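Visitor: Read off the chains here:
Number of protein chains: 2
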Amino acid sequence: MQNTNAVHTYAVIMAGGGGTRLWPISRKETPKQLLPLLGKDTLFQSTVARLEKLFPPERILVVTVAEQAREMQKQVPAIPLENYLIEPAPRGTASVVALAAAVLQKRDPQAAMAIQTSDHYIRNRDLFHYLIRAAFDVAQEKYLVTLGITPTYPSTGYGYIQQGAALNGNYRYPVYVVERFKEKPDEETAQKLLRSGDHSWNSGMFVWRADTILGEIERQMPELFKVVNKIAGAWGTSEQDKVVQENWFDLKSQTVDYGVMERAERVAVLPAGGLGWNDVGSWDSLFEVLLPDMNGNVANNAQHLALDTHNTLVYSKTDERLVVTIGLDDIVVVDAGDVLMVCKVDQSQKVKDVVEHLKKHHQEKYL
Amino acid sequence: MQNTNAVHTYAVIMAGGGGTRLWPISRKETPKQLLPLLGKDTLFQSTVARLEKLFPPERILVVTVAEQAREMQKQVPAIPLENYLIEPAPRGTASVVALAAAVLQKRDPQAAMAIQTSDHYIRNRDLFHYLIRAAFDVAQEKYLVTLGITPTYPSTGYGYIQQGAALNGNYRYPVYVVERFKEKPDEETAQKLLRSGDHSWNSGMFVWRADTILGEIERQMPELFKVVNKIAGAWGTSEQDKVVQENWFDLKSQTVDYGVMERAERVAVLPAGGLGWNDVGSWDSLFEVLLPDMNGNVANNAQHLALDTHNTLVYSKTDERLVVTIGLDDIVVVDAGDVLMVCKVDQSQKVKDVVEHLKKHHQEKYL
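Protein chains in written order, with this note's numbering: chain A, 420 to 786; chain B, 420 to 786.
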C-alpha cells in the first residue's frame with residue numbers, strides 16, 4: 420500500500436467468534452467464518468482476498484483461538500504462521516486489540532493497523548479499499564478511526580455512532596469527530612436514528628496507529644496494558660507460551676467499544692454509504708446477500724424443485740438431497756444433515772433461542 | 420358374521436394402488452397402504468383389523484400386484500395365501516371387482532362381498548360394522564350397494580352420489596335408490612352439492628352378491644365377463660397362471676364406477692355420517708387424522724422443536740434428525756431421507772405435480 424506518511428500499515432483480522440445465529444450450519448467446530456456461505460470461498464477467505472489488495476500477506480495478522488487456527492491456515496496458506504496470534508481463551512475484543520497492538524508495536528514501532536472482522540461481507544471492494552486508505556490518513560494524525568455504515572433500515576441489531584463536527588484537514592473522504600457511541604436501540608429509537616442523518620452503524624472496523632490505541636489502553640485499562648506489554652515482551656522467545664498462559668486468564672472480558680472507544684479522546688468516523696456491507700449475522704442477512712432467481716428464491720447447494728414458491732432460501736450442506744417446496748413465501752429451509760430447520764425469514768433472529776434451548780437441555784451434539 | 424339370510428359374506432380388499440399424493444413418503448416400492456402412517460400399524464393392517472370383527476381371515480380376499488403381495492403377507496400372516504388374487508398388471512377397479520366376483524362365485528355360489536379399499540382410515544369402527552351389516556341385508560335383495568360418505572366440506576377431490584327415493588324394506592339403516600353418480604365437481608358445484616343434502620361422497624366401498632355384480636358385468640362389459648369366467652374356471656388348477664397370462668393383458672382398463680355402476684339397474688346407497696372416514700389421500704387429509712398438540716402441531720417420528728409454530732405437521736421417516744420450526748403456520752414438513760418437502764398445507768394436492776415433473780425428467784430414483 421502506498422502511503423505518503425510514515426506509518427507502516429497492517430491488517431488485523433479478529434476471527435475467534437462463533438456465530439450461533441447461523442445455526443444449524445454454523446456450529447462450534449465449523450463456525451460461520453470458516454464456511455463457504457456465499458459461494459466457493461469461505462467468509463475468512465473472502466476477507467483475506469479483500470485485504471490482499473492493500474496488504475501483502477506478511478502484513479496481515481489473525482487473532483483467533485487454537486481450534487480455528489489450523490483450519491484457517493489450511494484455507495489461507497499465504498499468511499505466515501507467526502502472524503497468527505492465538506487467544507488461549509476469549510477475553511473480548513479489547514484484549515484482542517491490545518494484544519495485536521502490543522505485538523505489532525514491538526515488531527514495528529511505526530505500525531498502524533486496520534482492525535477487521537473475519538465474517539462480514541462487503542460487495543463494493545474498490546470503495547472499501549479507498550475508505551481504508553482514507554482512514555489510515557486520518558489515523559496518522561493520532562485519531563482512533565471507525566468505519567461507520569450508513570444505515571439503510573432501522574436496525575435494532577447494531578450499535579450506532581453519532582457523528583459531530585467535520586474534521587479539518589485535506590482528507591480524501593469526509594471525516595467527523597465521533598459525538599457518541601450508542602448501544603443497540605429499541606425499535607422506536609432505531610427509527611429516529613435512521614432519520615437523523617448523523618448516525619452510522621458500528622461495523623467493528625477500526626483503523627489506528629499502534630501507539631495511539633496503546634496510549635488509550637494505558638490510560639483507560641492499565642491492567643490490560645500491563646499484561647499485553649508483558650506478553651509482547653516475551654513474544655517470539657522461548658518464554659512466549661509460558662507468559663501468555665500465566666497472564667491471559669486473569670484478564671477480564673471487555674469489548675473495545677465499551678472498554679476503550681466510548682471514553683477515548685480523539686475518535687473519528689468515516690460514514691460509509693454504498694459499501695454493500697452485510698454482517699451475515701443471521702439467515703435473513705445471508706439471504707440479502709445471495710442472488711435470487713426471478714421468484715426471489717435462492718437455493719444454495721441443494722437441488723431445489725420449487726412450486727408456487729417465492730422469496731424462499733433453501734440452504735443445504737450438501738447437494739445430496741432433493742428439496743421440494745410448494746406454496747411457500749418468505750421461508751428459510753436449512754438442511755444441516757443432522758438438523759433440519761424451517762423458519763419464517765423475518766423470525767430468523769430466534770435461531771439463537773433454539774441454540775440456548777439446546778444448551779440448556781444438554782444437546783451438545785447439535786451445537 | 421351373523422346373517423339372517425342365505426348369503427355367505429366375504430370381504431375383498433383392493434390394494435394395488437400407488438398413492439403418489441403422499442409422496443415423498445409413499446413411493447413405488449413402499450406405497451401408502453404398506454406404511455405405518457397413523458401409528459404402529461400400516462393402513463393395510465388397520466383395514467384388516469377393522470374387517471376381522473366381521474369376517475374370519477379365510478373370508479378376506481386381497482387383490483393386489485405381485486410386488487406388494489409379499490409385504491402384505493408379512494404384515495398380515497393370518498390371511499391365507501390362496502386368498503391373494505394377483506393382478507398381472509393394473510386394469511382398473513372394474514377388472515379387479517370382476518375377477519374377485521368370478522373367483523369367489525366359483526368357490527362359493529352363495530358369496531356376497533364387501534369391496535374395501537386398503538388405504539383409508541375409519542375412526543368409528545362400530546358404526547362401520549353396523550353399516551356393513553346393513554348393506555349386506557340390502558345386497559341380499561340383489562342391489563348393488565354403495566357406502567356413501569356424508570360430505571363435511573365442499574370437496575372437489577371426490578366423486579358424488581345423488582340419492583333418490585328411500586327403499587322400502589325393513590332395513591336397520593336408511594337406504595336410498597341411487598339417482599346419479601357424479602364426477603369430481605368444480606368448486607362452485609361442490610358448494611351446491613354440499614348444501615343439497617342429498618349427495619354423498621363416493622367412498623369406493625361397495626357391497627353386493629357375486630351373482631348380482633357378475634350379472635351387471637355380463638350385461639355391460641361382456642368381454643370382461645368372458646375373460647374373468649375363463650380365469651375363474653382355471654383358478655386353483657395347474658392352468659391358472661397360463662390362463663391369466665393369456666387373457667389379462669388384453670383387458671382394457673376401466674373403473675367399476677364408470678364401467679358398471681353408472682348404468683347398473685338396482686343401485687342403492689347408505690349415506691354414512693359420523694363414520695370418521697378419511698381417504699388419507701394427501702398430506703392435508705393425513706394431517707386431519709392425526710392428533711395435534713395444543714398449538715395444532717403434529718410431529719410423527721421426528722424430534723420436533725417448535726418456536727411460534729402452529730398447525731404444522733412434521734413427518735419424518737426416522738427419528739434421527741432434529742427438526743426445528745420457527746414462525747410457521749399451516750406447513751407440512753416431510754423428511755423422507757433422500758427427499759425433503761416443505762409445503763403449505765392447503766397446497767398439498769400439488770404433490771402429484773411434483774411426481775409428474777420427476778417422471779418427465781426421468782428422476783426415477785425419487786419415485
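What the hints contain is simulated information worked out from the structure, not anything from laboratory work.
In this text the structure is predicted, and so the values were computed from the model without any measurement.
A hint or two may mislead.
Because identical chains cannot be distinguished in the list, a pair is counted as satisfied if it fits within a single copy or across any two copies.
Straight-line distance between alpha carbons at most 20 angstroms, and here's what the computed EDC-like set of lysine to aspartate or glutamate pairs gives [unchecked claim]:
#: 1; residue 1: Lys771; residue 2: Asp757
#: 2; residue 1: Lys769; residue 2: Asp727
#: 3; residue 1: Lys769; residue 2: Asp748
#: 4; residue 1: Lys784; residue 2: Asp738
#: 5; residue 1: Lys771; residue 2: Asp727
#: 6; residue 1: Lys784; residue 2: Asp765
#: 7; residue 1: Lys601; residue 2: Asp738
#: 8; residue 1: Lys779; residue 2: Asp527
#: 9; residue 1: Lys661; residue 2: Asp765
#: 10; residue 1: Lys611; residue 2: Asp738
#: 11; residue 1: Lys736; residue 2: Asp757
#: 12; residue 1: Lys459; residue 2: Glu642
#: 13; residue 1: Lys784; residue 2: Glu707
#: 14; residue 1: Lys778; residue 2: Glu739
#: 15; residue 1: Lys771; residue 2: Asp545
#: 16; residue 1: Lys601; residue 2: Glu707
#: 17; residue 1: Lys493; residue 2: Glu560
#: 18; residue 1: Lys779; residue 2: Glu606
#: 19; residue 1: Lys779; residue 2: Asp727
#: 20; residue 1: Lys561; residue 2: Glu637
#: 21; residue 1: Lys611; residue 2: Asp676
#: 22; residue 1: Lys561; residue 2: Glu602
#: 23; residue 1: Lys649; residue 2: Glu501
#: 24; residue 1: Lys472; residue 2: Glu684
Visitor: For every hint, state whether the structure bears it out.
Guide: Here's how the hints hold up against the structure:
no. : hint            : result
1   : Lys771 x Asp757 : within (18 angstroms within a copy, 28 angstroms between copies)
2   : Lys769 x Asp727 : between (26 angstroms within a copy, 10 angstroms between copies)
3   : Lys769 x Asp748 : both (18 angstroms within a copy, 16 angstroms between copies)
4   : Lys784 x Asp738 : between (23 angstroms within a copy, 15 angstroms between copies)
5   : Lys771 x Asp727 : between (30 angstroms within a copy, 14 angstroms between copies)
6   : Lys784 x Asp765 : neither (27 angstroms within a copy, 35 angstroms between copies)
7   : Lys601 x Asp738 : neither (43 angstroms within a copy, 46 angstroms between copies)
8   : Lys779 x Asp527 : neither (46 angstroms within a copy, 67 angstroms between copies)
9   : Lys661 x Asp765 : neither (48 angstroms within a copy, 65 angstroms between copies)
10  : Lys611 x Asp738 : neither (44 angstroms within a copy, 48 angstroms between copies)
11  : Lys736 x Asp757 : both (10 angstroms within a copy, 14 angstroms between copies)
12  : Lys459 x Glu642 : neither (43 angstroms within a copy, 65 angstroms between copies)
13  : Lys784 x Glu707 : neither (29 angstroms within a copy, 34 angstroms between copies)
14  : Lys778 x Glu739 : between (29 angstroms within a copy, 19 angstroms between copies)
15  : Lys771 x Asp545 : neither (34 angstroms within a copy, 50 angstroms between copies)
16  : Lys601 x Glu707 : neither (25 angstroms within a copy, 51 angstroms between copies)
17  : Lys493 x Glu560 : neither (38 angstroms within a copy, 84 angstroms between copies)
18  : Lys779 x Glu606 : neither (29 angstroms within a copy, 50 angstroms between copies)
19  : Lys779 x Asp727 : between (38 angstroms within a copy, 19 angstroms between copies)
20  : Lys561 x Glu637 : within (15 angstroms within a copy, 104 angstroms between copies)
21  : Lys611 x Asp676 : neither (22 angstroms within a copy, 69 angstroms between copies)
22  : Lys561 x Glu602 : neither (25 angstroms within a copy, 84 angstroms between copies)
23  : Lys649 x Glu501 : within (18 angstroms within a copy, 90 angstroms between copies)
24  : Lys472 x Glu684 : neither (31 angstroms within a copy, 88 angstroms between copies)
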